[in-house]
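Spelled out, the chains give:
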Amino acid sequence: MTIAADAPKSRPAHPIYDMEGMEHSAAVEMEDSRLVVFPRSQTRPILWNVILALVAFMLGGLPGIGQALERVGINLYNNDVVTSVLDENAAYYQGLTLHGVLLVIVFTFTFANGFVTLATMRAYGRPMASTLLVQLAFFLALAGTVLAGWTMLANEATVLFTFYPPLEANTMFYIGAVLLVISTWVTLVNIIITHRRWAADNPGKRTPLMAFMAIMTYAMWAMASVGIAAEVLFVILPWKFGWTEGVDAQLARTLFWLTGHPIVYFWLLPAYISWYTMIPKQAGGRLFSDPIARFVFILFLLLSAPVGFHHQFTESGIPQWMKNIHGIATFAIFFPSMITAFSVISALENGGRNAGGKGLFGWIWKLPWGNPALTAQLHAMLIFTLGGASGLINASQTVNLVVHNTAFIVGHFHMTIGAVALAYIGIAYWLVPYLTGNNLWGRKLALWQTWLWFFGMLIFARGQISAGLQGVPRRTAFADSVYRDFIDGLDVPNMLTAIGGSMMGLSGLLIFIVIVGTLMGLAGKNREQLIPVAETRVGATKRIWPWLDNYKVWVIVAILLILIAYIPFIVTYVPDGSSATGAPFPLY
Amino acid sequence: MEMIHRYERFFLGSTVVILIIGMVAVTSSFFVNDLELPSPVDTVDPATFTSEPPFNNPGLFQVGENEYDAIITAQAWAFIPGQITVPVGSTVNFKIGSVDVVHGLIVHGTNVNLTIVPGQISEATATFDEPGEFLFVCSEYCGILHHNMAGRVIVN
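Chains E and B are the protein sequences, given in the same order. My numbering puts the first sequence at residues 99 to 686. My numbering puts the second sequence at residues 60 to 215.
Possibly wrong hints are sitting among the right ones.
Quick look at which bits of chain B chain E covers, simulated, 3 or more residues with Cβ under 8 Å [claimed, not checked]: (1) 73-80; (2) 89-97; (3) 141-151.
Derived coverage of chain E by chain B (criterion: at least 3 residues anywhere in the stretch with Cβ under 8 Å from a Cβ of chain B; other residues may be distant) [as the list claims (entries may be wrong)]: (4) 382-390; (5) 410-420.
Sample of chain E residues lacking proximity to chain B, with all beta carbon distances greater than 10 Å (derived) [stated by the list, open to error]: (6) Val180; (7) Ile273; (8) Leu277; (9) Arg294; (10) Pro336; (11) Pro466; (12) Ile657.
Hints listed in this document are in silico derivations from the structure and should not be mistaken for laboratory results. Quick caveat, the model's predicted, so the values are computed rather than measured. For every residue, glycine included, the Cβ atom is placed at its ideal position computed from N, Cα and C.
Required output: the full structure, derived from the provided sequences and hints.
Written out as structure tokens, the structure is:
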């Protein structure tokens, strides 16, 4: 660890990375002009995480193109190249499983582990307390990816990413999933230890905003992931090892969705960390209020988990009144996202006006749209707004009957996770240069990429939403189905789905080219890459809402809320002693 | 500087109002439109599923003047029975259970949307006032021929 003790008060004249003869070492200049150099033993695993995330994104995206084109009868699944990798008969669903697991588990977890770890280091102005844990988190995620990936490619885990038992996968698939979850717990432990070390060295200081957000994000996820851990450890693995005859399918699903909704916020909150603490800087403005940003993350900590039943509205195993509790909490979790919408747009407006924007909307055109890191995230915000709004439709219990498990849901969540993915790509456009010291290569291509994704996603989602309203079920190889000609009004929706999906496929190809070009250093070295960190207009002083920082109390309240939401089910649910064992023949 | 700008207060206040209106609307739709979500009916042991009532004898049973019980078994990859025929104006109570893995049931043209979890009996009711053929499909992935799991209600 190298913290320059006598850092100069002004910016150093020499390139700040060119220190001590190091070829490249990621450094940051703190608010007090202190210069902190992060050890390569930590920044390298962070880079590996980002690269693993992007590889998962590329590989997971490929089957998506096949699914979109399948809607208009273009079948890529009997192509020789495809069948040399995927099983001839199971190809669609095998691809769908890879699409889900690689994109929403591997891509998101590894990117979050890398990015949030770096954000923590930047916030405290010190390396992580444990280099070993930084590396361990990466290798656990890598091992989990290899195990799960191998079983999926071998067609031994074609169970989609939700793996509802008694649909059965190879044991190694579940172990792989568990390792990926443990990698996030390891990251949390490291964040907490780092926080405690920092607090001991800085008595009486308020936790920096970015670090506070990192703690909240990972604390929320650690609590919520207990559900999936319990499902695998106490329901699925005992069954796989032959200790129990079958599974309690209803219990397993309920445990899954205890984790399955908060996982959405675990994807989203790293993007929110960027939108609150970095985007204002990139847009040339300031964040309006630091305490309100903390308040938002506390609301996410409290409300992310007690909402899982809204994924189970159509299940008869859960009584109506319990669904009501989760239904109301689901509406409540919309609130912090609306605060975010205000705060982020306010910061953007501030940036646009600083650049000379006039009038009600004039500031919008003055934002630095030429910066792909920013533009990608602006697009992500716009897409996410529609994703969140369509989420309210799904959350409305009676309306849910119309859309549940239809392609409508696919349209909805592609506008949430698809927006988060674009935000991550936007972050990668400065993060990869920062971690490698290479300039971003292919800036124009990157701009094309984000516009393509933006329009492609909206077109795709519109197609899926319309198809869902016509009654097309989700997760279905529609063109192969017996009923493809019996549902009216699908010509336009299917065409939109295929066009939008193809545009996103092209966008993915551009990401690949830009990132590879950047990693190869085609645009040369730049030793002044910085982590963008925004200033705030209303800062977190000792005076303003210091009780917000008391994160232990908030965690306790959050656990209580989870208990309130789930105890009624746990104490009243009476398994009748039966257990489901699945079908007497292989299902894939 | 004030903590919460008045614009922000207005924005957040409006959000709360809109959310409350939404919640009231959704809640009242239960009563106004006479809707209900699937709720606990009964459990069924997957081990004895095919040998015990009601699923030892799936089919359509008339239980009232215009009312029928459709006892349906969901299994990979078919509904049994896969076709039911009722007269116009009939009310059909779908009672459905899964013999193997999780399935789903969406009946087009109705609000019937069920997730069929092994061990649980699921129930939903629909009235068919128009003649025609109404598709029903499995809405939860259940293996490689999931997309062929479908049936129809014929109303004449």
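*Count residues of the region 89-97 of chain B with a Cβ under 8 Å from any Cβ of chain E, then say if the count reaches three.*
holds (count 6)
*In terms of Cβ atoms, is chain B entirely out of 10 Å range of Pro466(E)?*
holds (24 Å)
*Coverage claim, chain E over the region 141-151 of chain B, checked by counting residues with Cβ within 8 Å (three needed)*: Violated, because only 0 residues of the region 141-151 of chain B bring their Cβ atoms closer than 8 Å to Cβ atoms of chain E.
*Count the residues of the region 410-420 of chain E whose CB lies closer than 8 Å to any CB of chain B, then report whether that count reaches three.*
holds (count 9)
*Non-interface claim for Val180(E): all C-beta distances to chain B beyond 10 Å?*
holds (15 Å)
_Closest CB of chain B to the CB of Pro336(E) still more than 10 Å away_ = holds (17 Å)
*Does the no-contact call for Ile273(E) survive, Cβ to all of chain B over 10 Å?*
holds (21 Å)
_Separation of Ile657(E) from chain B, once the least beta-carbon distance is taken, above 10 Å_ = holds (25 Å)
_Just to make sure I understand the rule, a stretch counts as covered if three or more of its residues have a C-beta closer than 8 Å to a C-beta of the chain. Does the region 73-80 of chain B meet that for chain E?_
Our answer is that it holds, as 3 residues pass the Cβ test (under 8 Å) against chain E, meeting three.
_Interface-negative label, Leu277(E) against chain B, beta-carbon threshold 10 Å_ = With a cut-off of 10 Å, Leu277(E) remains clear of chain B, as the shortest Cβ separation is near 24 Å.
*Between the region 382-390 of chain E and chain B, see if three or more residues pass the 8 Å beta-carbon test, and mark the coverage as holds or violated.*
Result for this restraint: holds, n = 4.
*Taking the closest pair, is the beta carbon of Arg294(E) still more than 10 Å from chain B?*
holds (29 Å)
Hint 3 from the list above is the single one not met by this structure.
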